[in-house]
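Once you have looked at the hints, place chain B on chain A.
Protein chains: 2
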Amino acid sequence: MYKAQTIQQHFQVDYSYKVVFTRNVFNETNTALKNIINNDNAKIVVVIERDIAVYHPGIINDIAGYFQMDTVESSILIVKGGESIKNDTRATEEILQLIHNNQVDRHSYLIVVGGGAVLDAAGYAAAIAHRGIRLIRIPTTVLSQNDSGVGVKTSVNYFGKKNFLGTFSPPYAVINDSVFLETLDERNWRSGIAEAIKVALIKDAVFFNWITENSRALNDRNMEIMEQLIFRCAQLHLEHIGTAGDPFEKGSSRPLDFGHWAAHKLEYLSGYQVLHGEAVAVGVALDAVYSRLSGRLDGTDLQRILNVLTTLGFEIFHPLLLQETTMEINPALVKGLEEFREHLGGELTVMLLRNIGTGEEVHHLNKNILSEAVQYLAKSNVLIQE
Amino acid sequence: MYKAQTIQQHFQVDYSYKVVFTRNVFNETNTALKNIINNDNAKIVVVIERDIAVYHPGIINDIAGYFQMDTVESSILIVKGGESIKNDTRATEEILQLIHNNQVDRHSYLIVVGGGAVLDAAGYAAAIAHRGIRLIRIPTTVLSQNDSGVGVKTSVNYFGKKNFLGTFSPPYAVINDSVFLETLDERNWRSGIAEAIKVALIKDAVFFNWITENSRALNDRNMEIMEQLIFRCAQLHLEHIGTAGDPFEKGSSRPLDFGHWAAHKLEYLSGYQVLHGEAVAVGVALDAVYSRLSGRLDGTDLQRILNVLTTLGFEIFHPLLLQETTMEINPALVKGLEEFREHLGGELTVMLLRNIGTGEEVHHLNKNILSEAVQYLAKSNVLIQE
Numbered sequence: 008m009y010k011a012q013t014i015q016q017h018f019q020v021d022y023s024y025k026v027v028f029t030r031n032v033f034n035e036t037n038t039a040l041k042n043i044i045n046n047d048n049a050k051i052v053v054v055i056e057r058d059i060a061v062y063h064p065g066i067i068n069d070i071a072g073y074f075q076m077d078t079v080e081s082s083i084l085i086v087k088g089g090e091s092i093k094n095d096t097r098a099t100e101e102i103l104q105l106i107h108n109n110q111v112d113r114h115s116y117l118i119v120v121g122g123g124a125v126l127d128a129a130g131y132a133a134a135i136a137h138r139g140i141r142l143i144r145i146p147t148t149v150l151s152q153n154d155s156g157v158g159v160k161t162s163v164n165y166f167g168k169k170n171f172l173g174t175f176s177p178p179y180a181v182i183n184d185s186v187f188l189e190t191l192d193e194r195n196w197r198s199g200i201a202e203a204i205k206v207a208l209i210k211d212a213v214f215f216n217w218i219t220e221n222s223r224a225l226n227d228r229n230m231e232i233m234e235q236l237i238f239r240c241a242q243l244h245l246e247h248i249g250t251a252g253d254p255f256e257k258g259s260s261r262p263l264d265f266g267h268w269a270a271h272k273l274e275y276l277s278g279y280q281v282l283h284g285e286a287v288a289v290g291v292a293l294d295a296v297y298s299r300l301s302g303r304l305d306g307t308d309l310q311r312i313l314n315v316l317t318t319l320g321f322e323i324f325h326p327l328l329l330q331e332t333t334m335e336i337n338p339a340l341v342k343g344l345e346e347f348r349e350h351l352g353g354e355l356t357v358m359l360l361r362n363i364g365t366g367e368e369v370h371h372l373n374k375n376i377l378s379e380a381v382q383y384l385a386k387s388n389v390l391i392q393e
Numbered sequence: 008m009y010k011a012q013t014i015q016q017h018f019q020v021d022y023s024y025k026v027v028f029t030r031n032v033f034n035e036t037n038t039a040l041k042n043i044i045n046n047d048n049a050k051i052v053v054v055i056e057r058d059i060a061v062y063h064p065g066i067i068n069d070i071a072g073y074f075q076m077d078t079v080e081s082s083i084l085i086v087k088g089g090e091s092i093k094n095d096t097r098a099t100e101e102i103l104q105l106i107h108n109n110q111v112d113r114h115s116y117l118i119v120v121g122g123g124a125v126l127d128a129a130g131y132a133a134a135i136a137h138r139g140i141r142l143i144r145i146p147t148t149v150l151s152q153n154d155s156g157v158g159v160k161t162s163v164n165y166f167g168k169k170n171f172l173g174t175f176s177p178p179y180a181v182i183n184d185s186v187f188l189e190t191l192d193e194r195n196w197r198s199g200i201a202e203a204i205k206v207a208l209i210k211d212a213v214f215f216n217w218i219t220e221n222s223r224a225l226n227d228r229n230m231e232i233m234e235q236l237i238f239r240c241a242q243l244h245l246e247h248i249g250t251a252g253d254p255f256e257k258g259s260s261r262p263l264d265f266g267h268w269a270a271h272k273l274e275y276l277s278g279y280q281v282l283h284g285e286a287v288a289v290g291v292a293l294d295a296v297y298s299r300l301s302g303r304l305d306g307t308d309l310q311r312i313l314n315v316l317t318t319l320g321f322e323i324f325h326p327l328l329l330q331e332t333t334m335e336i337n338p339a340l341v342k343g344l345e346e347f348r349e350h351l352g353g354e355l356t357v358m359l360l361r362n363i364g365t366g367e368e369v370h371h372l373n374k375n376i377l378s379e380a381v382q383y384l385a386k387s388n389v390l391i392q393e
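First to last, the protein sequences are chains A and B. Just add 7 to the spot in the first sequence (first one is 1) and you have the numbering used here. Just add 7 to the spot in the second sequence (first one is 1) and you have the numbering used here.
Next comes chain A alone, as it looks inside the complex:
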């Protein structure tokens, strides 16, 4: 009666979330967060980066007050920030324990307050607990507010491999509060701007011009300009994820990773002493020079790119790009290209530039040109230093 044959399963899953821009999210009169939590019986737990608690004294009390928590100690977990949280399985374990102890279910909320690494790790724990509890991200750095924090990924490092464990798990909501940017040190203030330059270069020439015109204001820590930069950068990232047809990266194309193959490797080689955004600035410079040397990008555009990076205070070269003994391109860097392919799988796909605002994907990089590009940056660096 029932004849066995192949069954083709097919369905779609809808994902939607708000990214809200505000100030003083935990002020009791600010309703942004309360408006998002639509389940009165929901349990709420909070993971917060230690530095945020240190630089914003009173924030723990504010959070407890905002949610009228009566068990602050068991509901709020303070964690270390930076890449080290992603290398530490005990940190993941602690966050899972927080979820378990508080009986946080799939209709309850984990709120995470911190930089990109903390968002990644807490997001990973939230994604695997009960097959995914609701995660509200409150990113506290430029980088996480304009890029990773508004995206759909979670991850921790494992077997010494960056982001070896992770999921594609859109957040329940994201709240960008610019108050947290006030206490960033200079490197972290600057670092995230690299992602804005990156996305402008491949998507939006007008935005690139705007960044160029406003680089002095950014250096002067003009908050209004930074808020605008973050908004437009987040918007471009969200548009790409939402409309480019591959939000969960099933294919091999990753235009938003322009400049990132070298950046990932440089971060790793430096033992994460180079911040992600700083590494992206070098990676963007390298791939822009490669784009020029391979006949894609014209010289004026290249100069404008290197100028805006250096005007903003980014280094566009790092000694680790060269092998110390030979002063040739570092073989470890070249190996990063294969590792970049391996993480996503499929065919190597690297974004280069045709002109400012227009990218072009290629499936092969020429090692001689790459080597020349590294030498070019080494020389530019000397010129700039002088």
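If you're looking for bench data, these hints aren't it; they were derived computationally from the structure. It is possible that some hints are incorrect.
[Unchecked claim] Only pairs whose alpha carbons sit at most 25 Å apart, straight line, appear in this in silico DSS-like list of lysine-lysine: (1) B:168 - B:87; (2) A:210 - B:41; (3) A:41 - A:25; (4) A:50 - B:41; (5) A:257 - B:50; (6) A:10 - B:41; (7) B:386 - B:25; (8) B:25 - A:257; (9) B:10 - A:25; (10) B:50 - A:342; (11) B:50 - B:87; (12) A:41 - B:50; (13) B:210 - B:257; (14) A:87 - A:160; (15) A:25 - A:169; (16) A:257 - B:41; (17) A:50 - B:257; (18) A:160 - B:160; (19) A:10 - B:25; (20) A:169 - B:50; (21) B:210 - B:25; (22) A:87 - A:169; (23) A:168 - A:257; (24) A:342 - A:257; (25) B:168 - B:257; (26) A:374 - A:342; (27) A:169 - A:257; (28) B:257 - A:41; (29) A:168 - A:87; (30) B:374 - A:25; (31) A:257 - B:257; (32) A:168 - B:50; (33) A:50 - A:25; (34) A:50 - B:168; (35) A:257 - A:160; (36) B:169 - A:10; (37) B:25 - B:50; (38) B:257 - A:160.
Here is chain B on its own, set in the frame of chain A:
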């Protein structure tokens, strides 16, 4: 220039996979599996349940031959089966290590051969490695071929909680090979039939009648009838997941979990000595009696349900439903209702029956009626034993 406001992100993700029905999947002339692997450069690793390797001697060689593997030892991992694999974090670790060591990327394949627990654990590892590598499931039991193995979930147990860790991760493909059913012991042959009865009761009266008419053939281990049962049951599960609008269970409704709140608790209370399908038979019986006692289901339908279960050799009562000292309903069982709610979150939602083929969701169970239902099953059991 860029005015910050709330950005509403919204996108859809497409999921599709084939469920193929075949025999002798690893016979070199069988192209079912080869047709699914569309990436010539892909790496292939295999996780296989120990009992399958034991009861199907030569299968490891067949697999190695099928894929022309030259590194069998490093590409095939033999794991223990049953619930214990889900309780053992080292098992997850071993599977992750297999993925890591073989540099399996997001365009490569992990093939898992085994029962539901092995599929769950290997599926979980595949889901979190590189944010999800391609998983091909080859379920080897009735239960996994007609229910869990064709679905979208992965999980392991943690903090002593069943399925505390997991993801919603549709497989890349599923291949149901009925050869594996030949070596099942009697309990495992029978056990999975409970899920077919369950889905028939809430979705398809014609299928229920068909099962009733074929219960003798099923007892006689008629493979053709079993293949038909598995096909229709898998089809009904896939249809529900694909068309009911909530494949990743964001809401509180879980019609496919008819009979499961008590089943989960009974499995746990028995230390997993009661198989999942056996527990589902008891859970289905309990909720059918409750449906009768609460005035939903008529007596004839109830009798037909209890008859088919007992004809197929299922116990419809288990001593753990009663408290030994008082012979009243076991309070631990009642607690299972709240735990069932907690795992999914939101409002308690339990499926009951209006008639055979038609369910009705309720948000509350009356404890007195529940107690009466347990007593009813206890008495029925005595009558059947006599």
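So which of those numbered hints doesn't the model satisfy?
2, 4, 7, 12, 15, 30 and 36
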